[in-house]
Each structure stands twice: as C-alpha cells, then as structure tokens.
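K.L.:
What follows is each chain in one-letter form.
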Amino acid sequence: MNTLTFIFYFFMLTAAASATGILLSRNVFKAALMLLVCLLSIAALYVLSFAEFVAITQILVYAGGVLVVIIFGIMLTSKLSGKPLQVGHTNIFAAVLSGILLFALLANFITDDVFAVPQHAVETQGALQTIGTNFMTAYSLPFEIAGILLLAALIGAAAITSFMKSKKV
Amino acid sequence: MTALSFHTDPTLLLCIFAALLLPLLSFGASVLTPRQYSWLVSFNAPLLLLVSAICAAVALTSRWNDDPALFQITWFTVGDQPLSANILLTNTSLLMLVVVSVISFLVHLYSTGYMAGDNDLKKYFAMLGFFTFSMQGIVLADNLLILFVFWELVGFSSYMLIGHWTEKLAAGQASKKAFILNRIGDAGFLVGLMIVWANTGTLGITELLSSGSTYQWQTAASLCIFCGVIGKSAQFPLFSWLPDAMEGPTPVSALIHAATMVAAGVYLLVRIHPLFTPMALTVVAVTGMATAIIGSLAALFQYDIKRILAYSTMSQLGLMVMAIGIGIVNAALLHLFTHAFFKACLFLSAGSVIHALHRAQLRAHHHFDVQDIRNLGGLRQNLPVTFLTFLLGGASLAGIPFFSGFLSKEAILAAVWSTDSSVLSWSLLVAMVSVSFITVLYTFRMIWYIFMGEARKPLPVAPVEPPVIMRMPVVLLALCSLWLVVSWNPFDFIGWLLPEAYYTHVAWVTAFSVVWIAAALGVSYFVFRTARFDSNAILENAFYVDAAGSKVLGKIVQISATTASHIDRKWIDGLIHGSAYAHITIAHITGWVDRTLVDGFVNGVAYLSKGIGAFTRSFQAGKIQVYIFWAILAIIIFLIWTLK
Amino acid sequence: MQQYLLSGLLFTPLVAAFIALFLPSHASGTFKLVTLITCVIQVVLLLLMLSVYDSTGGLQFVEQHAWITLDLGSWGILKAEYLVGLDGLSLPLVSLTVGVMLITTLSSWTVEKNVKGYFILLLILNTAIIGTFAALDFLLFYLFFEFMLLPMFFLIGIWGGARREYASVKFFLYTLLGSILILVALIALYISVNDPSVPGRLVHSFNLLHMRDPKNFISNAILDPNNPWMIGPLSARYWAFLLLFIGFAIKLPMVPLHTWLPDAHVEAPTPVSVVLAALLLKIGGYGLLRIAYPIFPEAALYFSWLVALLGVISIVYGALTAMASKDLKRLIAYSSVSHMGFVLLGIASLTIEGVTGAVYQMVSHGIISAMLFLLAGVLYDRTHDRVIDNYSGLAAKMPVFFAAVLVAFFASMGLPGFSGFIAEVMVFLGAFKSGSANGLLHESFAIIATLGLVLGAAYYLWALQRMFFGPFHVKGDAAAIALTDLNNREYSMLVPLAIAALIFGIFPQPLISWINPFAQHFSDAVLTLGKSLTPIH
Amino acid sequence: MMPSLQHLLYLAAFLFCTGLAVVMVKRNTIMMLLGIELMLNASNLNLVAFNRLYPASLDGQMFALFVIIVAVCEAAVGLAIVLRVYQHYQTSVPDEISELKG
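Chains as they are written, first to last, in my numbering: chain A, 1 to 169; chain B, 1001 to 1644; chain C, 2001 to 2537; chain D, 3001 to 3102.
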C-alpha cells in the first residue's frame, strides 16, 4: 500500500464518516460543518481522480460559497426563533429502509460490473485547457444558460428575501 | 268466471246464489255504511240473512231428495287443466246450507239485542256476514281448492270475531291462537291438495270420488286433509283454541260452535270420506275418540259457562269424527245437524244469562264474573224463559229421550254397534258410552249450578229476562232441539232427516241408552247435589255404598278430568307455547346469525376496504418526506423489476 | 304506431326528467306535477298496449334498431341492438311498474328535501326499471340494470333515515357484486355467441333470443355446449349459470344473500321502500326467467334442486327472522325475503303451475308489499317510530288504519281472495307436482315450504296483537297526539292497491291467461333443451 | 496501484443513500438542503469517477461542473425560500407546511 492509496482511502473514509455524521447529528450547525468536511474530502478525491479543476471549483464554490450561505441561513433562522437548532427525526424506519435498499441495489450493480480503467498514463496536463476549450465550443450553449441561471438565481434569492424584509417593515 | 252450464232451472240457481251471496252483501253493506249510521247495520244485516235463509229453504224444498246436481263454473285454467268452482247440490249440502243460514240469521237477530251499544257494530255485523258467507261457500263447493279458500276465510272471520273486542288483550291472544292453530292444520290440508293434484290433476271432489278405485297415495292425502279437519274442528292435538275462543262475543261462539266453523271440518270429512283408506279412517276414528273423551272430561271441571259449552262441543265433535272414522257418515251428519241447533240454543241461552246479569250488575254497581258458575245460582225464578230454553238445549245435549240429541247419539251408537267386532270398535263403543255418560254429568252440573238453589252472589237488583228480540231466536232453537226435528218416532232415528241407513235401528240398544241416560242423570244428581250441597248429610244417611261409590267415581272422574284439563292447559298449551318459544328462540338465533355471521362478513369486507383506503390515503398525507419515501421505494421496486 | 308504444312508455320519464332538469329548483310543486303527469301518460300508454296485446301471441311490441356495431376485423363484429319487446312474463311486470310508480309518485308528495333531485331520480329510475323488463338485448338489459342502481343508491343515501349511509353502501356493494357476476357471464356469452342473421361473418351479438339456441354458439367457444372444457368439477356453462343465478339471487333477495334488504328498507324513505320491494326485487326473478334459465337449460336442470332448496330456506328463514324483528319495516322486509322464496321454488319446479305461480307471486308481492310499506310509512310519518313494542291498542285509536293493516297483513300471509293466495297455491301445486311430472324436485320441498304459511300467520298475527290489541298505549305523549287516522291521500294510494290485490285474487284468469302461454313455453323449452344438451360433467 | 473505480462508486452510492436518508429523516428544511447537497456531491463523484473510464474526453468533469452550478443556484434559491417560509410560518419543519396539500 503506497501513500497515495492510503490518502485515497483516508479521504474516502473521512467523506463517509462525515456523511454519516450529518445523518446522525441533531444539530444543524454541526451538520453543516460536517458537510464542509465531507465536501473537502470529496475535493481531495477529485484531485486523486485527476480532476483538479473540479476539485478547485468544489472548494471555491461549495466550501466557500454554498456552505457559507447555508451557515448564514442557519444563523438567521436560529436568530429568528431564538432556540438552539436541535432537529427532530422522523420516518426513521422508512429512511433506513429505503437507504439500505437503495444502497444494496446500487452496490449490487457496482459489484456485478467490472470497470476496467485504461492502464495507460492519463493525460492530465491538458485537462484544464480542454475544459476551457469545451466551455467555449461544445458546451457553449449550456455554459451561457448556466450563466443566466446563476443570474436568475441570484436575483431571485435576493428578491425573495427582500420581500420578507419589505413585509417585515 | 265463465262457462256456466245449468243443470237445473234458473230460479233454483238464483236461490242458491242469493243464499250464498246475501251474507257477502251484508258484509259489504256493513263495511260501506258510514260510521255515524252504524245503527243501520243491525237492521240491515239480519234482514239480508233472513232473505238468505228463505232462499236456502226454497232451494232445499225444491231439490229435496232429487238427484245430486252440479253447476259447472271454471275459476281459472292453469296450462290446460281447469280449476273449477263447481257447486254441488245434494240433500246434504242443501240441508247444511239451510242450517247455516237459519242459525246465522237467528244469531244475527240475537246479536242485535246482545251487541246493542257496542261501538264497533259495523265490524261485528260485517264479519258475521262474512263468516256465514265463508261457511256457505264450504257447504256448496265441489272443488277442494275452492273449499280450501272458504276454509281459510272461515279462519279469518273467526279471527276477526274472536278478537272483536280489541281492547281486551286476551281476545287478541285467543284470536291469534285460533288462527294459527287453524293455519297449522291448513298447511296439512294444503299438502293434501298438493298430493291430490300431483296424482290426479284435478281438485274437483265429484271428479275425484268418481274414479272408485283406491290408490296408495290416498292414505297420505286423506291424512293430510284430515290435518285441516283437526285444526278446524278442534280435534285432539289442536283443540285448545276452542275454549280460548270464548273471549269473543257469545253469539259468535254460538255461530262458531253450531254452524260455521267447527262444523266445517266434519262436513268436509262427510264430503270426501270415500277418499279415505281404511288405515286413514282408523286414524280418524281414534282421533275422534280421544277428542271426545278429553273434551267431555274437561267439560266436567270447568267453571266458566262458555268453557263448559266449548268442551262439550269438542267432545260432540269427537263423536262425529269417530262416527266418520268407522264409516258411518249419515250418523255423523245427523249429529252435526241436531248439535247445531241445541248447541246454538245453549250458547244463546248462556248469552242471555250473561247479558241479563251484566245489565243487573250495571244497575247495581256490583261486579263479579258472571260467567263463573260458582257465582251463579237460583236464576230459574228470575229468568224462567232462559231457564226453559237452557233446559231444553241441555237435555238435547245430554241425550235425554224425546230430544234430538238422543236420536242422533243413538244413531252413532247403533252404527258403532253394527260394525265388525274388533278391538277398535269395542274401544269406540266404550268411549261412546262413557262420553255420553259424562255429557249428562256436566250438563246437569252446569244447569244445576246456574239455575237451581239460591243465588250465591245475590245482586240487589234482580236480573230480568233479555228483550224479545233475544228471547225469540233462543226459543226457536230450543224448539228445534226436540225429537221432531229428526223423526216422528222419539225412539227411532230413521225418519225424515235420515230416511235410510245401511245399519238398522236396534231396539235393545235404544233401551239400553234410555237406561244408561237415566242412570247418568241419577248419578249426576247425586254427585253434584252431594258434592255441592249438604254433602255430609246425604252421605251419612242412606247411601253409604252409593255415596262411596259416587265419591270414588267422582274422584276418578275428577282426577281424570283435572288431568285432561291439565293436559289441555299445561301440556298441549305448553307444547304450543313451547313451540312458540322454540320458534322465537330459533328466530332469535337466526336473527343473531343474521346479524353476527352474515352481516359480520359483509362488515368485515367493508372494514378491509376501509383499511386499505386509509393505508393508501396515508401516501397522500401532504408530507414531503413521505412522498419522497414512496417515490424512492417505487424507483427501487421499478429497478428491481426491470433490471433483474 | 303500435310498435313505438313500448319505446314511448320507456322514454317518457326520461324526457320528463330532461325537462325537469331545466326547471327552476325552487318551484317544488312543478316537479311533483311533472312526475305525476308522466305517470298518468304512462298509464294511458299502457292501457293502449293492453288493448292490443294478444295473450297467445308471444313477443309483441318488438322494436329493433342497430345501436352499437363495431367491426373488429378478424375478431368479428360487435353488435348490440336496441331490442325491446313484451311477452307474458314482462307485460305483467311492466304493468306493475307503471302502476306502482304512480302510487310512488303520490306517496312522494310529502318529500321536502331537494325536491328537484328526488323527482328527477325517480323518473330516471322509472325508465331504468321498465327498460330492464323490456330489453331483449343483454347489453341493453345490463345497461338499464346498472342504470337502476345509481338513482336507488342516492334515493336511499340522501333521503333515507338515520343509518342511511350504511344502508345505501350495503345496498350498493351487494348489488354491485351481483352486477359484476352478471357482467362476467355477459362477457363470456358475448365471446361465445354468433349472430346467425349475418352469414359468412362472425358477429358477436348480445341478442338474448339468439343466446337461447345452442346452434348459435361458436364451436369450441367457452360457453359452447359441445365444448369439453371443465373448470373444476363443472363445465363453463354451469359456472356461467351459477354466476347469473347468484347475481340475480342477490336482487331477489335469497338467503343468505339478503341482508341488504332489511337495512335498505328500514333506512329508505317510504316511497323508495315501495319501489324497492315492489319492483326491484322482481328483477331478480325476472332475470332468472328471462336470462339464466333459457340460456343454460341443462345447468338449470342440474341445479334445480339447489334453487329450490335455497327458495325453501328463504321461505322458512325469512319467516323466522321476521318473527324476531322488532322494527315494523324490518318485519315486512323479512317477509319479502320469505315471499320471494316462493318465486325461486316456483321457477325451480319448471312446471306450468310453478312458473305461473312464480310470475304471479312477483306481481302479487309487488302489490302487497307496496301496501305494507305504505302502511309502515303511515305510522312512521306520524310518530317517527317503527318499533312494534312501542305501540299497543292502536285499533281503538285508528280503526281505519287497523282495517288497512289487516287487509295488507292477511293479503301478505296468503289469505284466499287476495292475489298472494293464488300465487302461493300455484307454486305449491307446481313444486309438489314436479316430483312426479319431471322428477326435478323432491316432494318434501313443497311440504317444508308450507311451514312458511304457518310462520307467516304467526309473525303477522303476533305483530297485530302487539300493536293493535289491548289498551291504547304509545310511547311518548306527542306520538299519541300525532296518531291520526288515514287521510285522503293515503286512501288514494292504499285503496287501489287493495282492490288490485283483491281482483287478482278473485279473478286470476286475465293475468294467468297472459302468464300461462309464457310459462308453458318456458318450462317446455327449458326441459326439452336441457335434456337434449348432454351433460358433460 | 490506484484503488479501483469500484471503491469510488461504492462511496458515491453510500453518500447518495446517506443524503437521501438525511432528506427523509430530518425535521428541518435546512437539514434537508444539506442532504440534497450530499446527494448532488455523490452524483458528482460518480461523474468524475466514470470520467476515468474515458480519459480522452472530459465530459464527466464538464457535467460535474454544471451540476455544481445548478447546486449553487439551488442552494441560493432554496435558502431564500426557507427563510421566507420560516418567516411566514415561524417553523422550518416541513410537515407543518402542508398548505399545498390537496
């Protein structure tokens, strides 16, 4: 077992453990922090899977953006209610049942197939460049739409929250 | 009703139909009379009945001793088999028609006095008319189905009349009992009809009896039809309605006992007795014998005037049925006729007693049960006419020479005597002799207690005779209890009413009867005189042996009578009650089964579907997470289903 | 003109319902008037029909139009027709329907809740019932049959008593079960029957007359008489007969499929009870006579003992249960069960007497049960109480009502002079004769059935005694004041019914002359055809 | 030797199922959003992992990037709605917000 493999398994376990932590945690804030851990480990796994650009995006956008927004939301709601953000659980049986069932099913499929990864050296140097080219050529339309979507989401989110404020006033 | 074919002249037909339908007209007129004019019916109904009786009499005189005639009427046709409503005219049916209409007329007449002031006169006279109509239908019918129709209608009329006083709960119970016991017999009758129909394809009596030969099925058929007779004529197992039916107005009892209801059974037996096989006849004879004995013994220990008379009717009917059982139809018929008159006389006289005492009580404001002979006594001074008529009727019932009852009983006795000697005929003879003995006893006791001695519960106001309109019919009937009704010779029953019999009148049997009746009279005089009044004195004085004998005899008679009464009241009534309870129990059980098992199953299905509904409804609970669960589950199932 | 009379009779109420739909709902009197006029028109049309009806002429007033014709290519042609006609079976029942509907309309005069809906439903029901009796095409029959269920469901469910939902749902479920069974048989018949009138093509027809002829069955189809297939111990034709039998027996109703009846009756408003008892129950017997028996004669012969046995059980069981009933309407409902048992017994005997008696009993029970329910309604209208033991000595307080109840009760227990007697005697004679005439039924069936007569007398007289005899007493002072004798409207409903029961009881010949040719033809056809079809089981 | 692709797929499946369970279990809308993020990441992991099968094209990574974009939008709008709903109902328990139930 080399170092790389160790790191790989380490991050896998971290991701799995933090995900489990989210499931078990009753505190929203802790859960958000564990999600952060989970996202970072996944970013590390991306790096190990030769997807550096995705990993960076993951860290920047998710860890830096989304999660901050979420934590901000958590703070806001707990401030509004003034109660500690303890969360109850429902549907435990149904959730465990469907989770285990789905996992068993997926694991079954995964085990059945053999995914032969090509053994020749993976070209990683051109990846970033290729992605950039792809955005501008083959994926230009989705890229533009994604941009519009982002804009729309931003305006929408701002609008929804501003209604709240205007109503509150 | 189509296809009338006239066998005789239209005048006769008119008379017959008038005699049959005028009582029905009386019924209709009474029903349609407005309530505020209900007094009209008490004029109108006897008048119609009088016309009916006259018509019947005209028909009788014009057809007396002619050949039997048949009016053919088709009621309806099933497939190609017509059900006829033929009318048969013979000496018997015409005579019966006259008897029914005359007695009914007299009862109507009597009722106008007896029921005066009743607040439901309309219903009363309507049903009297209907009762008469039904009975006349039975008399004339030549088809078992038509006969059954009128047979049931008689039951219905008796239900209405016995239950005339609806506010009396006992009247309701008695009428119900009468109808149901009759219905039980009628069910048997109906089975008999089915057997006859299935085997011959006809229900016409003349047609049925003309074949001559005897078949296997006849035993079953005749016994089933006899079931109907048992119900209607109050024979052995089904008689208990008869004494209970005394809850009805007294004239109704007279009608039931004399001419209309109980006579119907005997008349039916007379009509169809050729259908009976020897085996069936034996059953008939034994039933009649049992009824006669039970009835007479029970009569001996009753205290209610009307119940005594009811039991006596029962025993006399038993004698008639017994006579038919040994094949002596004419004798039975003769007794039926004489009985009709003297029993009507007795009932109406009893009614007069009750009526007179009631009126006296009303004026004196002093109340006791006027029908209980223990409360009566010494009425001969106050009610001389009634005493006389009661005496005449009673004498005829007891079979005292010079009265019609003597002759008709004599006819039966001679008939029994002339049959082949066998265990059955001997036992019948013994039964006959003892029943006639007991008849004397209870008749004597009844008359003695009512009219002789002193008033046991004296009223401050002396009872007076009922009005003429009530006395007249009674007197007429009392005169009809004399021997002249039967024949000129007071000791020979073969006379104008019974012109010929295939057994002869035996002189020494007559002599024996005279002696026997005399002995019975003597015994009863001693029994009841000693038992009731200063018994010790007479016992101690002369007749130690006699007195002991009479005491033992009295005791035996008393015990057997109470036993009979007990059987009647406890066992047979108890059986009926028990079966009624059993019915109710079974009914409750079936009701329970119905509610619990059958309904339960249905409700179970409903609950099941409701549960499924609630279960599937829970999918739509408006909870996102549950929706997600079901969506995921569906996807999983879909995956398993498609990919496996 | 003459051939359109039946359609006129059939669709007049539907047209009236359509007109009523556009009338303003606050004018409640108009709806009563429209319905009454419709019923009067129907009576006139019926009288016209009766005047030209030839009792020996078989099917009459036949009207045949193409209705649904679908060319399914190699599957043949689906052909359903508008085929209606009357014979000695349906004419008495259609006449009964017209008469009872008139009475029902009069009896509905007191309805106050949602008058518009009520009368429109009543009119639709009218069409549906007549249509069921007149249809000679199985699909048309089934359509009317189902069409009847819905108005009935709402009439009980909306205008009913306290437990009306329970009753209406029970009614609906039971009848739906029956409908489904009939539907299965209908589909099987549709697959199996070919219409011979179009040569060279396979035509699946619903024509009931074609279904009667074994030659019209497609060879090796599921219901072909020569088909050797067995489903379990019996061949498909026997199963199909059983399906139809159970389906119609629920309507009849037959023990043990009868428990919907007492509940539905107890909860239904008086006029609906009248329709239910007088008309709807008859459809069960009618279906057996029109559909189940002629189409599957060999199965009918094979199961005749079962039909008779269930008939006898219904007679006795119904009577016993009636005796245990505390509710007057329940008692009458159970007596209906008992009386409809006679219909089964009569049909099973397959003798002329038996079948005539069965049809006669249907008409007679229609008249008498209508009378009984109207009388129960009279009492209920006044006191809102139907418990028998709460009354005593009513005879003194309501003498005319007492007389009417006497007439109805005695008519119902088969007193001679009323129509029920003729019917029951005929059934008895036929059922008993069957043992020796065609060997189908044992004599003991008829003998045991006579118990019904005795028990009938017992429960009716017991009820009479409890309610009418003795000193006057009613539970509640208000009830005692409310007890008034019959009014003129009630007279006008009861008197015609009583007269009808009397006329059919005293002069049975006209009605029997209608029924007789049918009964003769029916029993002959079922017997000969049933014996000629070789049993395969 | 690198760990096989299978392991990544197992992890992704596990993360997805956990996320699903979180969405179903938690009585809080924000926690449900967290679960959704987890599920999105699981699918992203899958996309990246499968991209290794076809190293020549980078379609998997491209898709992962788009998913991230959509996730961002979703998080932003979702949170905005959560806040708005919270302000309106004074709760973030999804069961109690059932006004849209038919």
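Rather than coming from a laboratory, the hints here were simulated on the basis of the structure. Glycine included, each C-beta is placed from N, C-alpha and C at the ideal position. Any given hint might turn out to be false.
Label-pair distances were calculated between CB atoms; the ranges are [unchecked claim]:
(1) B:V1593 to D:Y3089: 29 to 37 Å
(2) B:W1641 to A:G64: 48 to 56 Å
(3) D:A3056 to A:L24: 39 to 47 Å
(4) C:D2054 to B:V1593: 23 to 31 Å
(5) C:L2059 to B:Y1215: 56 to 64 Å
(6) B:L1014 to C:P2256: 35 to 43 Å
(7) B:T1011 to C:S2532: 56 to 64 Å
(8) C:L2173 to B:W1641: 31 to 39 Å
(9) A:V68 to B:W1641: 55 to 63 Å
(10) C:Q2509 to B:L1014: 52 to 60 Å
K.L.:
For the hint 35 to 43 Å, verify it against the beta carbon of L1014 (chain B) and that of P2256 (chain C).
P.N.:
57 Å, violated
K.L.:
Quick one: are L2059 (chain C) and Y1215 (chain B) within 56 to 64 Å, going by C-beta?
P.N.:
Violated, since L2059 (chain C) and Y1215 (chain B) (Cβ atoms, about 42 Å apart) do not stay within the stated range.
K.L.:
Quick one: are V1593 (chain B) and Y3089 (chain D) within 29 to 37 Å, going by C-beta?
P.N.:
56 Å, violated
K.L.:
Evaluate the given range 52 to 60 Å for the C-beta pair formed by Q2509 (chain C) and L1014 (chain B).
P.N.:
24 Å, violated
K.L.:
Does the Cβ-Cβ separation between W1641 (chain B) and G64 (chain A) fall within 48 to 56 Å?
P.N.:
43 Å, violated
K.L.:
Take the C-beta atom of V68 (chain A) and the C-beta atom of W1641 (chain B), compute their distance, and say whether it sits inside 55 to 63 Å.
P.N.:
For V68 (chain A) and W1641 (chain B) the Cβ distance comes to about 43 Å; the hint is violated.
K.L.:
At the C-beta level, are A3056 (chain D) and L24 (chain A) separated by a distance inside 39 to 47 Å?
P.N.:
42 Å, holds
K.L.:
Is it true that D2054 (chain C) and V1593 (chain B) lie within 23 to 31 Å of each other by Cβ?
P.N.:
49 Å Cβ-Cβ, so the 23 to 31 Å window is violated.
K.L.:
Could you tell me whether the CB distance from L2173 (chain C) to W1641 (chain B) stays inside 31 to 39 Å?
P.N.:
33 Å, holds
K.L.:
Between T1011 (chain B) and S2532 (chain C), does the C-beta distance stay in 56 to 64 Å?
P.N.:
At roughly 58 Å between Cβ atoms, S2532 (chain C) and T1011 (chain B) fall inside 56 to 64 Å, so the hint holds.
Of the numbered hints given earlier, the model fails hints 1, 2, 4, 5, 6, 9 and 10; all others are met.
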